Each structure stands twice: as structure tokens, then as C-alpha cells.
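Q: If you read the sequences in order, they're chains L and U. Reading the first sequence from the start, the letters are residues 15 to 219 in my numbering. Reading the second sequence from the start, the letters are residues 15 to 219 in my numbering.
To be clear, the hints were calculated from the coordinates, so they are not data collected in a lab. Just so you know, not all the hints are guaranteed correct.
Since copy identity is lost for identical chains, a pair holds within one copy or between any two.
[What the hints assert, rightly or not] Below, computed lysine-lysine pairings styled on DSSO-like, alpha-carbon distance capped at 27 Å:
1. K202 x K21
2. K91 x K190
3. K47 x K165
4. K21 x K89
5. K71 x K217
6. K165 x K21
7. K190 x K69
8. K21 x K71
9. K190 x K85
10. K165 x K217
11. K202 x K71
12. K69 x K217
13. K91 x K71
14. K47 x K91
15. K91 x K21
16. K165 x K71
17. K190 x K47
18. K30 x K165
19. K91 x K69
20. K89 x K69
21. K69 x K165
22. K21 x K217
23. K21 x K47
24. K190 x K21
25. K217 x K190
26. K47 x K217
For clarity, every value in this text was computed on a predicted model and none was experimentally measured.
Number of protein chains: 2
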Amino acid sequence: MGITERKERERAEMRKMILEAARHLFLANGYEKVSIRNIADAIEYSPATIYLYYKDKNDLLYALHQEAFGKLIEKFKPVFTVDDPFERLVRMGQQYIHYAFENPEMFDLMFIMTAPLETLECREDVWDEGRIAFNMLVQVVQQCIDAGVFKHQDAERASLMIWSMVHGLSALFLRKRMMIFSEERRGKLMQEAFELFSDTIRKGL
Amino acid sequence: MGITERKERERAEMRKMILEAARHLFLANGYEKVSIRNIADAIEYSPATIYLYYKDKNDLLYALHQEAFGKLIEKFKPVFTVDDPFERLVRMGQQYIHYAFENPEMFDLMFIMTAPLETLECREDVWDEGRIAFNMLVQVVQQCIDAGVFKHQDAERASLMIWSMVHGLSALFLRKRMMIFSEERRGKLMQEAFELFSDTIRKGL
DNA sequence: CTTGCTTTATAAACACTGTTTAGTAAGTTT
DNA sequence: AAACTTACTAAACAGTGTTTATAAAGCAAG
């Protein structure tokens, strides 16, 4: 029965086509401003058709959510080749911030938005990819502890602290809360705050 | 002419009435889920009436935005009575987190939402209150530097670092990103991360 | 080859949303 | 009492996410 196989393939293609249109529109205009009708227009199908392939708009966001974490994990992988364990950690932080700046909409979806989770927070696998990404951080922090860079022994606790700082810096900027600083200072001040944090944890953690 | 005065008073009362209904509904149901019609229903007026007192929904959010910053500043004031400068800083951080947990919707509006700013980011006074709150942090950090608790000399740079960490911790929790930790661990881990950060900056900053 | 069944797609509708407009009714001034 | 101003609202506009009934196409069996 090659027909059912082809149907499955066609279905997967259609899902991919919808997701690609959605991603494209989302990245260009932001989530809020993109409607199901916009996506339907882009793929030249009726709005109702989308509901045959994705449960609702949140389901569409969830698919992108998974995709986005996959990309962050890919960005994290190369840091493990860095020799010095502390430098490894610094690079990881830089990758996080870099990702946030390059893909603000994706970052939003991964770490700020509440929408795609509300209906899906019951799902246990929602944060599987997120866990993997966080565990990569814990791993690097553990390597710093093992190398004697950090005196503090709880890698997970230290990781949450580091994640919070790097995330806070990114989130405050992306959500335009750095507007309290003059435009010329803004960028440099962020860089300096990150470096200051690096120095501080190297000395005090 | 007492009539124009009374009219002004009535207008102010109406604005207050709308804002109170809006705040009440927003805090109870969240911003997204509250419509102008809901607010209109609550005050027993037509939706169009609200537009005679507030430009649009963003203008309403902006009014609450100002109010919310006023409340945070009030929460910051008592910390200046604390004797030890470092303890003063720790208390300030705790107040920030406390505020975030007690008034998640307000916190959202102040530090996470983008909506009320989009149309208002041209306004220069949008972040006046935010600047005041941040300057209070800078002040306390400067006091720590003066007292010799911190070796690092740039108070604003250090303040941004501290703000980022405390904000990141709050934002990640409020946006349910701590779901990657088990329910029993979550609260304690946050507390520990905050304490670890305090210890780290005391030693290394 | 035709009949019956399943899948796929859509037009139209439903119940909303923020916002604008035209018109009414009440209050104020001349 | 007539003219003007303000406060308010019903209705409409253009949009949203989502559901439902219906039509058309693809496929399997008689």
C-alpha cells in the first residue's frame, strides 16, 4: 500500500509548508501581528485548512518553539571545543545573548511568551528541549567547579544564577527597558555589565 | 466660574473610575483577556465613552504603568533605613522579587510587556519613573562602593548587572520557565540562586 | 465503470476584538 | 426661549481565532 505512505508524506509536506510560512511571517512581523488568515494567504489556502494540520495557533507556536530550542542547542555545541572551562562558560553566555539579538522573535517564544504554553503546560514534553539546553549549562558549570575555577559546589544552583543574569540582560534589552540609558551608552553598558558579571563570578563564585 | 471646575473634577473622577475598573479587571484576568467592552460593562458605560477619556487601550495601560512604578518606588524607600549598606542592597533585591510575585500583572507591564510602549516610545517621559527606580539602585550600590564592600568603582555598570540578575530570576519564574525544575525544588532553588548571587558579589565585586 | 466511502478543502458563520462615526439628549450660555 | 457645547451611545468597520456544513476530489470494492 504505497498510497497511505504518499498521503503521509503529503501531509508532512503540508505541515512543513504551513510552518515555514508561519515562521517567515512571525519573524518578519512578530507573533501578535500575524493572523491565521495571513498564513493562509501566504500558502494560498483557506484559513480553515490550517486547522486540519495544526490544532490552533498555539500548536503552531509550539512547533516553532521546539525548532527554536533545537537551534539554540546547536549554537551551544561548539563551545564544548573551547579548551579553558571558564572561557567555555563565557562563550556560552555570549551565544545566549547573540541568539537573543539575532532571533528576537524566537527568543521571545522560548523564554518570554506565555501564549504557547497556556494550553500546553499540561504536556510534559514541552520543556524537554529546554531541559537539554539548561543541562548543557550545568555541565559547563560543573566543569568549572571540577577545574577549581569555582569554589561553590552546587552546579545547578550556580547555573540558575548565571542563566538569570544573562537572560535578564537579554530580556531587558529586547523589551526596550534599556531605553533609560542614552543610545550611545546602551550597547557598551550591556557589554560591560556582562564582562563585570564574568569577572565577579570568576573571583567570587 | 465654578462650573468648569466641577466639570474638570467630574472628568477626573470619570478617568479614575475607568482606571480603577481597568486595574481591577487587569489584575484579575490579565491584560490580554480584558477588552474595552469588559471595562465599559464594569463601569456601566458604553465602550465608546472610554475613548473620550483615554486615547486607546495603550493609553490606559500607560496610566497603570506610571502607577505601578510609583508603587515600586514606595517599596524601595524603606530599604534606605537599613544600617548596613550591603544588607540595604540585598533588601532592595528582595523587594523587587517580592513585588514581581505579589503583582505579576503590574510587573509584566513595567518590565516585560511591549504593548503600551510601541505607540508611546516616542514620549520622553515614559521612563522617567523607571529612571528614578533604577537610580535608587545605583545610589545603594554607590553606598556599597563607598563603604568598601565592592572594589569595582562603576556603580551604574554594577547596578545594571544586579538588576539583570534579579530581573532575570523574576521574569523566568513568572513566565513559567522554571517548570524545568520539579515543583518542590523550584521555590528553594530560586531562593538559593538569589543568596548565591548575593554571596558572589559580596566576595567578587 | 459505477457505486459508496473517505479524505481534503473551503465558504460562511460565530463570537469576539479595538476603534470610529453619526446622531441624540442633556447641560450651559446668550 | 434659542443657540451652542458637551457627554454619551448605538451602530458600524475592519479585523481576530475558531467551528460547521458543504462540496469536491481520491480511492476501494462490486
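Q: It remains to establish, for every hint, whether it holds in the given structure.
A: Structure-based check of all given hints:
no. : hint        : result
1   : K202 x K21  : neither (54 Å within a copy, 50 Å between copies)
2   : K91 x K190  : between (29 Å within a copy, 25 Å between copies)
3   : K47 x K165  : neither (48 Å within a copy, 47 Å between copies)
4   : K21 x K89   : neither (35 Å within a copy, 61 Å between copies)
5   : K71 x K217  : neither (47 Å within a copy, 48 Å between copies)
6   : K165 x K21  : neither (58 Å within a copy, 67 Å between copies)
7   : K190 x K69  : between (33 Å within a copy, 22 Å between copies)
8   : K21 x K71   : within (24 Å within a copy, 47 Å between copies)
9   : K190 x K85  : both (24 Å within a copy, 21 Å between copies)
10  : K165 x K217 : both (10 Å within a copy, 12 Å between copies)
11  : K202 x K71  : neither (38 Å within a copy, 35 Å between copies)
12  : K69 x K217  : neither (50 Å within a copy, 52 Å between copies)
13  : K91 x K71   : neither (31 Å within a copy, 44 Å between copies)
14  : K47 x K91   : neither (33 Å within a copy, 40 Å between copies)
15  : K91 x K21   : neither (36 Å within a copy, 66 Å between copies)
16  : K165 x K71  : neither (47 Å within a copy, 51 Å between copies)
17  : K190 x K47  : both (18 Å within a copy, 23 Å between copies)
18  : K30 x K165  : neither (48 Å within a copy, 55 Å between copies)
19  : K91 x K69   : neither (33 Å within a copy, 49 Å between copies)
20  : K89 x K69   : neither (30 Å within a copy, 44 Å between copies)
21  : K69 x K165  : neither (49 Å within a copy, 56 Å between copies)
22  : K21 x K217  : neither (60 Å within a copy, 63 Å between copies)
23  : K21 x K47   : neither (33 Å within a copy, 39 Å between copies)
24  : K190 x K21  : neither (46 Å within a copy, 38 Å between copies)
25  : K217 x K190 : neither (31 Å within a copy, 31 Å between copies)
26  : K47 x K217  : neither (45 Å within a copy, 47 Å between copies)
The structure fails hints 1, 3, 4, 5, 6, 11, 12, 13, 14, 15, 16, 18, 19, 20, 21, 22, 23, 24, 25 and 26 (numbered hints given earlier, in ascending order).
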